[in-house]
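As you go down the protein sequences, you meet chains A and B in turn. With our numbering, the residue at position 243 of the first sequence is 243, and numbering never jumps. If you count the second sequence from 1, you need to add 287 to reach our numbering.
Hints in this document: simulated from the structure, not taken from any laboratory.
Restraint-style ranges between C-beta atoms, simulated for each label pair:
| hint | chain 1 | residue 1 | chain 2 | residue 2 | range |
| --- | --- | --- | --- | --- | --- |
| 1 | A | GLY140 | B | PRO559 | 52 to 62 Å |
| 2 | B | ASP521 | A | ASP44 | 24 to 34 Å |
| 3 | B | MET327 | A | GLU76 | 44 to 54 Å |
| 4 | A | ASN130 | B | LYS370 | 36 to 46 Å |
| 5 | A | ILE61 | B | TYR343 | 15 to 25 Å |
Derived lysine-lysine pairs resembling DSSO-like cross-links, with alpha carbons at most 27 Å apart:
| hint | chain 1 | residue 1 | chain 2 | residue 2 |
| --- | --- | --- | --- | --- |
| 6 | A | LYS287 | B | LYS385 |
| 7 | B | LYS437 | B | LYS458 |
| 8 | B | LYS569 | B | LYS475 |
| 9 | B | LYS576 | B | LYS380 |
| 10 | A | LYS186 | A | LYS146 |
| 11 | B | LYS458 | A | LYS161 |
| 12 | A | LYS287 | B | LYS439 |
| 13 | A | LYS186 | B | LYS385 |
| 14 | B | LYS565 | B | LYS396 |
| 15 | B | LYS475 | A | LYS162 |
| 16 | B | LYS458 | A | LYS168 |
Each residue gets a CB set at the ideal place from its N, CA and C atoms; glycine is no exception.
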Amino acid sequence: MLWYRFLIDVVRTSAFNTAVKYMLYFMVYVFAVIAFQRYVYDIDFFVPYFAMYMMGYVIIILFYFRLNNSYYRWYEGKKYLTYLTSNSETFLIKILSYLLKSDTENRIYFYQMIDNHLKACNNHLRGNPNTESLIEVYPGFRKSIKEKSHLPNAIMSQIEKKVVELYKNQYITRVEYLEISKHIDKSNTYLDNCDTIRTTKTTKSYVNHIRMFLLIYSLFLPFAFSDRIIEFWMVMALGIIFYAYSGCEAMSEEVENPFGFDKNDIPLESIYNDTQLILNQVTNTPK
Amino acid sequence: MSRKSVWFAVFFDFHRTKTLRTLLLSMMIAGAYAFACDYMEEHIFHIDFRPPTYIYSILGIVLGLLLVFRTNTAYDRWWEGRKLLSKLGYNWKNLAIKINSFLPDDDIKNRDFFSKMIYNHAVSLKEHLREGVKYEELEEIEPGFVENLKTKEIYHLPTYILTLISDRITKLYREKTVSDMQFLELSKHIDDANEVISSCERIHTTPIPFSYAIHLKKFLFVFMLILPFGFIHDLGPWSIAIVMLIFYAMVGLDVIGEEIEDPFGQDENDLPFDGICKSLRKSVREILKIA
Numbered sequence: 001m002l003w004y005r006f007l008i009d010v011v012r013t014s015a016f017n018t019a020v021k022y023m024l025y026f027m028v029y030v031f032a033v034i035a036f037q038r039y040v041y042d043i044d045f046f047v048p049y050f051a052m053y054m055m056g057y058v059i060i061i062l063f064y065f066r067l068n069n070s071y072y073r074w075y076e077g078k079k080y081l082t083y084l085t086s087n088s089e090t091f092l093i094k095i096l097s098y099l100l101k102s103d104t105e106n107r108i109y110f111y112q113m114i115d116n117h118l119k120a121c122n123n124h125l126r127g128n129p130n131t132e133s134l135i136e137v138y139p140g141f142r143k144s145i146k147e148k149s150h151l152p153n154a155i156m157s158q159i160e161k162k163v164v165e166l167y168k169n170q171y172i173t174r175v176e177y178l179e180i181s182k183h184i185d186k187s188n189t190y191l192d193n194c195d196t197i198r199t200t201k202t203t204k205s206y207v208n209h210i211r212m213f214l215l216i217y218s219l220f221l222p223f224a225f226s227d228r229i230i231e232f233w234m235v236m237a238l239g240i241i242f243y244a245y246s247g248c249e250a251m252s253e254e255v256e257n258p259f260g261f262d263k264n265d266i267p268l269e270s271i272y273n274d275t276q277l278i279l280n281q282v283t284n285t286p287k
Numbered sequence: 288m289s290r291k292s293v294w295f296a297v298f299f300d301f302h303r304t305k306t307l308r309t310l311l312l313s314m315m316i317a318g319a320y321a322f323a324c325d326y327m328e329e330h331i332f333h334i335d336f337r338p339p340t341y342i343y344s345i346l347g348i349v350l351g352l353l354l355v356f357r358t359n360t361a362y363d364r365w366w367e368g369r370k371l372l373s374k375l376g377y378n379w380k381n382l383a384i385k386i387n388s389f390l391p392d393d394d395i396k397n398r399d400f401f402s403k404m405i406y407n408h409a410v411s412l413k414e415h416l417r418e419g420v421k422y423e424e425l426e427e428i429e430p431g432f433v434e435n436l437k438t439k440e441i442y443h444l445p446t447y448i449l450t451l452i453s454d455r456i457t458k459l460y461r462e463k464t465v466s467d468m469q470f471l472e473l474s475k476h477i478d479d480a481n482e483v484i485s486s487c488e489r490i491h492t493t494p495i496p497f498s499y500a501i502h503l504k505k506f507l508f509v510f511m512l513i514l515p516f517g518f519i520h521d522l523g524p525w526s527i528a529i530v531m532l533i534f535y536a537m538v539g540l541d542v543i544g545e546e547i548e549d550p551f552g553q554d555e556n557d558l559p560f561d562g563i564c565k566s567l568r569k570s571v572r573e574i575l576k577i578a
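Pulled out of the complex, with its shape left as it was, chain A reads as follows (with noise of 0.2 Å):
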């Protein structure tokens, strides 16, 4: 086993772009210091390596605090992804339970209702809500929801309808009706948990502070390095530190918000397919 396998994945990240490119704008800010000491004027400025020193160490406390805080972020959108859909599995287990066998108008309802959720879930989330990929349960379904501005909301409202009828007319009893609702609310709540995470942008003045650091930071690179810095060679040196730093900056930045389309995204399909597979089987499951 080759550690070094893993360089054939290394162009396929966006990060690897965004700080690719910035890292070019710098080197050729480094390229022009030097030729301008070299070749017109010698300024003689420089800082000393310690507050290089210094400088880097409260960076990389500012980027862990960063890298943490959007790494959790994306870990709690999925936590919360998939308490939502292990909920659904559990609900629809359930409900399919306390119906009776024959009772296939009531099990085929909420087997496609609770999938009809989910894929509303997932495209809320993905801000691109729509009624056309939904199945149509019964007659004018799509239409009864179409002007909703929030589809799982409204889908969830006409299980929970349907619940107290099926509690009304006997066919759940009183606490398997208690048991049924406990889902829906959970349901809701793990929802907006995760339209949370959508919604809230990280606090700008942290990071537009850590970016303002950053920058200064690198420039004033060249001139730490001031015994050097007539050698060319130090563009690809300083070029690195620099990637080492803007990399941890463009990846925080990429993962931060998790439900979106790119590599590093939650995968909200292959989840939903998995989810859609599961609740299939319950549904075939006999009794």
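Dock chain B against chain A, hints included.
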């Protein structure tokens, strides 16, 4: 005093360290690269490329950050996995304790059903997270039960078993063997069991974001490329040993992170899922008074 309690005893165990074995070839390559740099500099090119030491220090700060981040998140998953497994255990044991008091002592059939199904659920989850369910590990509820499962080609066996458990609980309730309050209590455990399945799967299928993992690796790689030039002028061929040592220390952390990120395998570092299943079986049978 046991041998393990002497901390340097780890030296005598080095042939068993998995990280070292995984990395040995890669370390050799890094050493060979250092040798090549040294040789070329001394006998062929004489470029005299001497990056100042503080370049390594500044890069070292970033490497430290990325490595601690990697280790932290990987360990976090490992620990979360452990907590989920204990949740699996206590959730089912609690269910068994309740079932035991709700059912009459002579209801062998249902007691047997729950004790076996709980074990089947844990075991099928374990293998589901590895290479797919091993049917021979499951316990027969009734003759032909496992055979029957095999022929059905079930997509997700843990959920299937959970469905059967839920059906049985509902049946007990509808037959008035358990009261409505007792039914509510039992239902609670179904939720938790399914949450454990989904969460374990989440840990198993989600590695840390690709860009994080790759940035660290890329960066370690570049660091290793320029590393020999820091030593070859002063140390000559001895720099090979230093480069290999630094490679082991730094890349080793990355490799460990990768390894413990998914804790459900059968490695030395993975969670003792087999043992947990066995002890769960034992205690559930004990609670339900099944000989």
